[in-house]
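Asker: With the numbering used here applied, the sequence shown closes on residue 277, and no number is skipped along the way.
Don't read these hints as lab results, they were simulated from the structure.
Keep in mind the model is a prediction, meaning the values are calculated, not measured.
Be aware that a few hints might be false.
To be verified - Below are the EDC-like pairs computed for lysine to aspartate or glutamate, each with C-alpha atoms no more than 16 Å apart in a straight line:
id : residue 1 : residue 2
1  : Lys272    : Asp171
2  : Lys6      : Glu30
3  : Lys272    : Glu170
4  : Lys217    : Glu192
5  : Lys272    : Glu111
6  : Lys80     : Glu273
7  : Lys80     : Glu90
8  : Lys269    : Asp171
9  : Lys6      : Glu150
10 : Lys80     : Glu277
11 : Lys6      : Glu27
Stated by the list, open to error - Okay, the calculated beta carbon distance ranges per label pair:
id : residue 1 : residue 2 : range
12 : Arg234    : Ala42     : 49 to 59 Å
13 : Arg234    : Asp164    : 17 to 27 Å
14 : Leu199    : Val224    : 43 to 53 Å
15 : Pro49     : Asp164    : 15 to 25 Å
16 : Ala47     : Arg235    : 43 to 53 Å
17 : Glu150    : Arg234    : 21 to 31 Å
18 : Glu30     : Ser220    : 25 to 35 Å
19 : Pro230    : Glu160    : 38 to 48 Å
Just so it is clear, CB atoms sit at the ideal spot from N, CA and C, and this is done for glycine as well.
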Amino acid sequence: MNISAKPSIAFLGTGSMSGAILSGLLENAEAFGAVSATTRSAASRDALPSGTAESVALADEPGANQRLAAASDVVVLGVKPAQIGDLASEISESLRPGTLVISVAAGITIEALESCLPESVAVVRSMPNTPSHVGLGVTGIAAGSAATDEHVELARSIFEAVGDVLVVEEDQIDPLSAISGSGPAYVYLFAEAWTQVALDLGFTAEQAAVMVQGTFKGASELMVRSDDEPSELRRKVTSPKGTTEQLIKVLQDAELEPLFARAADAAIKRAKELAAE
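Put together the whole structure using the sequences plus the hints.
Answerer: Structural data, given as structure tokens:
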């Protein structure tokens with residue numbers, strides 16, 4: 001692995017997730033070398049955060065992906081899953097031996113990605129989530145067949161710029177995606193439902209937002225700071241024969257745990273379908 005102490009990183013495609021990682025890296029620029037990026041259009045290029053060493057619109061330079069890939073120690077494939085194979089094949093001959101290629105695409109297996117790339121490069125598959133936008137992400141990473149411990153640690157350092165990182169086996173990536181990758185949507189769904197309940201109870205939209213968003217934020221922060229398990233924190237709020245106990249009973253009667261398990265299974269199934277498409 002011939003990667004410098006401050007590795008250069010190219011983001012080929014800057015969608016929502018890869019764009020969040022790019023922003024996080026630029027806020028921790030002292031740990032990395034030049035950070036470059038390609039986008040489809042001049043408009044999306046101009047929207048990139050300041051600090052990007054070089055940003056290129058493919059509309060202006062169609063060969064920019066190959067050029068930046070050849071000049072970088074780390075290449076992040078930031079396009080949609082359906083475009084990953086074509087992008088990997090496009091840059092395959094440009095990559096230097098030892099280059100670390102990171103995928104952030106849901107459902108695309110390491111084997112599928114490695115089949116498009118030379119054996120001399122290392123692959124790490126990742127699954128970040130959207131709180132990476134505010135530096136509070138959770139990312140799972142799994143090493144490919146040629147990835148060394150040094151490659152994995154480098155990938156970890158990149159994603160730690162935007163939150164917490166779990167190193168897992170690849171067969172855990174899809175389940176991880178169902179929990180933390182899709183997880184923010186579950187939280188927003190609950191917030192959406194409680195907001196509507198507040199509105200139905202006569203509160204204004206502004207009041208509902210303060211109650212629901214403030215409660216979610218406060219409860220999450222308390223959970224992070226506390227040594228107690230979530231179940232214990234719930235018990236501390238739930239006084240015997242009190243109002244919360246009645247509310248919790250209604251929710252538990254709905255058998256939420258098997259419902260969540262079915263939801264996770266549906267997400268994992270879809271990830272496998274994406275891999276086969």
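Asker: State for each hint whether it applies.
Answerer: Tested hints:
| no. | hint | verdict |
| --- | --- | --- |
| 1 | Lys272 / Asp171 | holds (11 Å) |
| 2 | Lys6 / Glu30 | holds (8 Å) |
| 3 | Lys272 / Glu170 | holds (12 Å) |
| 4 | Lys217 / Glu192 | holds (14 Å) |
| 5 | Lys272 / Glu111 | holds (13 Å) |
| 6 | Lys80 / Glu273 | holds (15 Å) |
| 7 | Lys80 / Glu90 | holds (15 Å) |
| 8 | Lys269 / Asp171 | holds (13 Å) |
| 9 | Lys6 / Glu150 | holds (13 Å) |
| 10 | Lys80 / Glu277 | holds (13 Å) |
| 11 | Lys6 / Glu27 | holds (15 Å) |
| 12 | Arg234 / Ala42: 49 to 59 Å | holds (51 Å) |
| 13 | Arg234 / Asp164: 17 to 27 Å | holds (23 Å) |
| 14 | Leu199 / Val224: 43 to 53 Å | violated (29 Å) |
| 15 | Pro49 / Asp164: 15 to 25 Å | holds (22 Å) |
| 16 | Ala47 / Arg235: 43 to 53 Å | holds (47 Å) |
| 17 | Glu150 / Arg234: 21 to 31 Å | violated (42 Å) |
| 18 | Glu30 / Ser220: 25 to 35 Å | holds (30 Å) |
| 19 | Pro230 / Glu160: 38 to 48 Å | violated (24 Å) |
In summary, the numbered hints that this structure violates are 14, 17 and 19.
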